[in-house]
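Peer 1: Residue numbers (the UniProt record's numbering): 1 to 137.
There may be inaccurate statements among the hints.
As the list claims (entries may be wrong) - Label pairs and their in silico Cβ distance ranges:
#1 ALA133 with ARG49: 53 to 61 Å
#2 VAL61 with ALA137: 36 to 44 Å
#3 SER34 with ASP90: 21 to 29 Å
#4 LEU135 with ARG39: 24 to 32 Å
#5 ILE11 with LEU72: 19 to 27 Å
#6 LEU135 with LEU41: 18 to 26 Å
I should point out that these hints are in silico values taken from the structure, not numbers from a laboratory. Using N, Cα and C, we set each Cβ at its ideal position, and we do this for glycine too.
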Amino acid sequence: MDKINDAVGMILIDQFDNFNEQLPSFDLPTSAISSVEGRKLSDYMATRRCPIASVLETREVIGVELAPKMALFSSRGPNSVTLDINIKPDITAPGVNILAAAPPSKNQADNAISYNMRSGTSTVCSHVAGVAAVLKA
């Protein structure tokens, strides 16, 4: 395992409490917590000279359907809140946790081949471009 600044793990604080997707891939073992839990953790760390954390409980989730479902950040169709905005997608594509090529990190050898799980419109662009090319042909 690569160590980043001597860290052996990471706690990701979801500041917006909307992290309901699968946790992205990181170079270190990672756990995600809510903003409320994050504030409690920050308060604890601020009041201790040498704060210590332990992972006490783990759970395995089996039988949960991860796909196909539309990402929360995707356009789903007509806006039910503002009816005068009537945008809908003509093509949708997977946009969450797509295995994609990634540049090597500074700790990797120059000839290392890197992949990472990425999310967002720039990651899914190649899928949509492929569909457009097939439709155009």
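Peer 1: Take the hints in turn and mark each one as holding or not.
Peer 2: Hints versus structure:
no., hint, in the structure
1, ALA133 with ARG49: 53 to 61 Å, "holds, 60 Å"
2, VAL61 with ALA137: 36 to 44 Å, "holds, 41 Å"
3, SER34 with ASP90: 21 to 29 Å, "violated, 36 Å"
4, LEU135 with ARG39: 24 to 32 Å, "violated, 49 Å"
5, ILE11 with LEU72: 19 to 27 Å, "holds, 22 Å"
6, LEU135 with LEU41: 18 to 26 Å, "violated, 49 Å"
In summary, the structure is inconsistent with hints 3, 4, 6 from the numbered list given earlier, while agreeing with the others.
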